[in-house]
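Use these hints to put chain X with the ligands onto chain B, whose structure you have.
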Amino acid sequence: MSDTHTASRREDLRLITGRGRYASDWNLPGQLHAAFLRSDRAHAEIVSVNAAPALERPGVVAVFTGADAIAAGYTRFPLMANFTNRKGASLLKPERPVLAHGKVRFVGEAVALVVAESALAAHDALDAIEIEYRELSASVHVDDALASSASQLHVDVPGNLSLEWEAGDDAAVAKAFEQAAHVTRIKIGTTRVVASPMEPRSYVVSYDAAAASYDVYTSAQGISLLREQIATLTGVPAEKLRLHLRDVGGSFGQRSGVYPEHAALMIATKKLGRPVKWVSTRSEGFLSDAHGRAIQMSGELALDHDGRFLAARYEFTCDMGAYLTPGGPSGHLRNVAKCMTGVYRTPALYGAWKVVFTNAAPISAYRGAGRPDIAYVVERLVDKAASELKIDRAELRRRNFIPLDAFPYKSPTGGVYELSDFAGCLDKALPAADWAGFERRREAARKAGKLRGIGLAVVIEGTGAGQYPQDQVALEFDAQGKLSIYTTTLSGGQGHETTFAAVVAQTLGVAPEAVTLRESVLGKEIIGNNTGGSRALVATGSVCKLAAQKLIERARPLAAEALELEPSQLEYGEGAFRSRDCEKVIGLLDLAQKHISKNPHPLNLIAEGAFGSTFPNGCHIAEVEIDPDTGVTEIVSYVAVDDCGNVINHSIVEGQVHGGVTQGAGQVFGEHAVYDRDSGQLLTGSFSDYYMPRAGLIREIHLSEHPVPSKLNVLGAKGVGESGCTASLPTLANATMDALRPLGIQDLDMPFTPSKVWHAIQAAKVK
Amino acid sequence: MTKIELTVNSAKHTREVEDRTLLVDLLRDHLGLTGTHIGCDTSQCGCCTVHVNGRAIKSCTMLAVQARGAQIVTIEGMAKDGRLHPVQQAFTDCHGLQCGFCTPGMIMAVAALLNDNPHPSDAEIYHGLEGNLCRCTGYINIIKAVKQSAGVLRNG
Ligand code: FES
Ligand code: FES
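Residue numbers (the working numbering), protein chains in the order written: chain B, 1476 to 2242; chain X, 641 to 796.
FYI, nobody ran anything at the bench for these hints, they're computed from the structure. This one's a predicted model, so the numbers in the text were calculated from it and none came from an experiment. Incorrect hints may have been included.
[Unchecked claim] Counterexamples of contact, computed for chain X against chain B with all Cβ distances above 12 Å: (1) A651; (2) T654; (3) G694; (4) A730; (5) N757; (6) R775; (7) G791.
[To be verified] Footprint (simulated), chain X over chain B, 3 or more residues, beta carbon under 8 Å: (8) 1672-1678; (9) 1751-1759; (10) 2054-2066; (11) 2169-2178.
All C-beta atoms in this analysis are idealised placements derived from N, C-alpha and C, irrespective of residue type, glycine included.
Just chain X, same shape as in the assembly:
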């Protein structure tokens, strides 16, 4: 067992974890942040995407101990002061979610994508979302949501 400290959604946490505990399990099981989902065991679905020190990371591919001292944002930390993040807003505006299981990971991936590239082309959006699977929407409305939120973020 190792003792780690990390910041999640602006709150500091200290936990004892097994060396092999995955970050996603720390978030879900130890911190009760079940908005981050697990959709696969081969790092392919992106349901578990969170931000670690400002970068989108699949939290099933990172050990909890590797996140020691990190600043982590999960889907629960995206809305601020009662206002949805523009990407969250765009997903609902554009009907970019159906069952919603992929959605937290999608939103985290899109927010990071737009942070890195505020003006993505269609091809860059497809490429940026290659690691996020959605079984419900056919992605068409997700792409719309990416474009809407890109516009809002650029102007905001």
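If we strip away everything but chain B, and leave its shape as in the complex, we get:
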């Protein structure tokens, strides 16, 4: 098939022919099947568990409960980054038995694990387990959890408050506010959402008693971090954990950490001596996958007479759910603080955070992890200030942009921004969206009985610095002389096989097909970061380039020997070494071929590099039309001008922006994990209740690139995985608010569902 196939991506052929291998496609001989009994209470003491009746059910082999988790000692989850406040207090991180013990703290928490001969038999037996609960009052909202009357989730976390944290200069901000000519205030929040990659979580785990090692077949965002996290949680040495990772059906941050189910299955397979497979249903995914965002925010912006920003102050109340995931609140704290000034020169800045436990599913990173949240509040605040001061929204931004000559710009709360051209992005976006002609379109819509709005946002975000200080990449020739790249990243749709191979092939001057990427392969002793935080190309991609350069230098003496010249007499280009006069030539791949009998191949190498955070940025403009009779908002046009630095593959970048913008649109217009405030039940636990973006939500995105190459890595890349989401949240919300503001509506918040918008319009009419 390959000869007629003109794939735009290297990975496509297997995926469009049904030959991808996702986690649930793994099956091991003799495997058993698992199903989890999950708590149907939001907060309760477990009085007793009687698993015996389940053991009577046909096909059931064993049942495991919290007692087994305690016996194994699987209660301490890793925390990727701790935070300490100015008083010296750190995050309070309660224990979390991988099967609930003593108490359940959210609906969907795993309480027992049934293992049976078939998946159906395991599921059938769940209702035979008898659990007696003593119910406690539940707080699914941060305000309820922080109330003095709230019942405490964890004995060691008073007031359900894991940490109070701050950044910036409170006193300087207070002083600036005293001098302000105008102060704009806003209270909004990002909704709790469920990443919902289309592939549900799935694990097959087996135990090799002789080697005391575990094989884990799953999907993830990379091999190193997951292995280390499972090791930390279970105490099993990392080298005894053999991870098998292949195709991944989307991640979005949700697959970045270890889950209780990983460890619970390890208990089962060790005890039973047979492989155990678990495939999550979507319903239990809604309950037990890590959720994202969920920050309540209030912001205040102080301006002078000319509309120049003097200071800004924010409060963030972060809903962590019932436990800290390995990612914990790092996105909510670090990523928010880093870009708290947005794209503006704001001399004084202060933020105060509360990290709160609630009786809801634990929160982790979700595409952007704090970056869309801070962009949302900053850009909505700026829009509101412009409306209050009657200054054009683009003009107010322009007045306050960090100017080109101020870079590298050190933000008052941490981030050191690399060179960015915000005005340049804005200047490209405004005509592309026909900003100037908008009032005519608004008028035309008004005549047709519609409310039309236009909104813009100019945003910046800091990409992930990574958990490991550096990234390693191995280049190896196999027995056929084929060149493979090995990395610790793992694509969940980002097309690394195409992009990373292109980086190496271009550097070497060989055809891309001559190079194959193999990500997160078991047994490759390289260390490096996950895919995540928009960093894979920036960092690992850069090391791919270094590795290719290293390969050329490693090959030079061998080429010299083959051509009977001195290494210094050789030039390299277009995949070959040449003598200066071009009389003698040897191709790099031919040279490699000459040495394939040697083991290890003399050209095999490991390269490494440390590339930190970069700053993708851009300007997005959206136009929407609301039908006041139904409250339905239609996205009429969308313009995106992005600076993601140098681009390797334009269509992949475009795809990332499409996907990111659409996920943002999903959150703005409907996605919301809603828990009933009294019962703590999840009300949006399936695709029938949880809004998902569908075909036609955004029909077109006019995309232009405005690259200012990064100087922080050898590719000049800035990253693109999250920028669509970061920009679209404020852009679409601002457009919707612009449509509603003429009615006197100032502070509506996401999700802008038809019913919420309709009610707001009705209420405004009454006024």
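Only chain X with the ligands this time, still in chain B's reference frame:
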């Protein structure tokens, strides 16, 4: 247990299944055709879409025994004689897939949609894909792929 016979991708199969076995589980677990995916348990995502007697069906909504005697085509049967089906070709040409998990179901749904309606309008395409969720692409390139393959199929 019931014994059923059916044809999948032109090959005849006979299997013993439980009455409650879903068609998707028969395909994946009994026949090893793991290209058909399961993305939900409420018949909403379309990852499991296959063709049963020429019509697009969510194979998670059909019992295996209901497919007795049926002609079934899965994603594995779409390419013929080493040539991709035009819809497959269009998905890769248009970058209509990222993670690829929704893609087999999308391709099967689109092929059936174009079979029924070779000239779909934009609105008809959105409507036709309402039952297929994709979390990665934002659908924009999927729509492009539908239009490209519609053109190829009409002219082919
Ligand atoms: S698995 Fe069949 S519709 Fe989702
Ligand atoms: S490509 Fe990932 S879900 Fe569609």
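Here is what the structure says about each hint:
At the 12 Å boundary, the C-beta of X/A651 stays outside the reach of chain B, the nearest C-beta of that chain being 15 Å off. Even its closest Cβ contact with chain B, about 20 Å, leaves X/T654 beyond 12 Å, as expected for a residue assigned away from the interface. Annotated as non-interface, X/G694 keeps its C-beta farther than 12 Å from every C-beta of chain B; the closest such distance is 19 Å. With a closest Cβ-Cβ approach of about 10 Å to chain B, X/A730 is found to fall inside the 12 Å limit, against its non-interface label.
Distance check for X/N757 against chain B: the nearest CB is about 15 Å away, which clears 12 Å, and the non-interface claim stands. The non-interface label for X/R775 is inconsistent with chain B: the shortest C-beta to C-beta separation is roughly 5 Å, within 12 Å. A cut-off of 12 Å between C-beta atoms confirms that X/G791 is not in contact with chain B; the least separation is 16 Å. For the stretch 1672-1678 of chain B, the proposed coverage by chain X is satisfied: 4 residues have a C-beta within less than 8 Å of a C-beta in that chain, meeting the threshold of three.
Counting residues of the stretch 1751-1759 of chain B whose beta carbon lies closer than 8 Å to any beta carbon of chain X gives 4, which meets the minimum of three for the stated coverage. Figure legend: the stretch 2054-2066 of chain B, annotated as covered by chain X; annotation inconsistent (0 residues with Cβ-Cβ distances under 8 Å, at least 3 required). For a cut-off of 8 Å, the count of residues in the stretch 2169-2178 of chain B with a CB near a CB of chain X stands at 8, and the three-residue condition holds.
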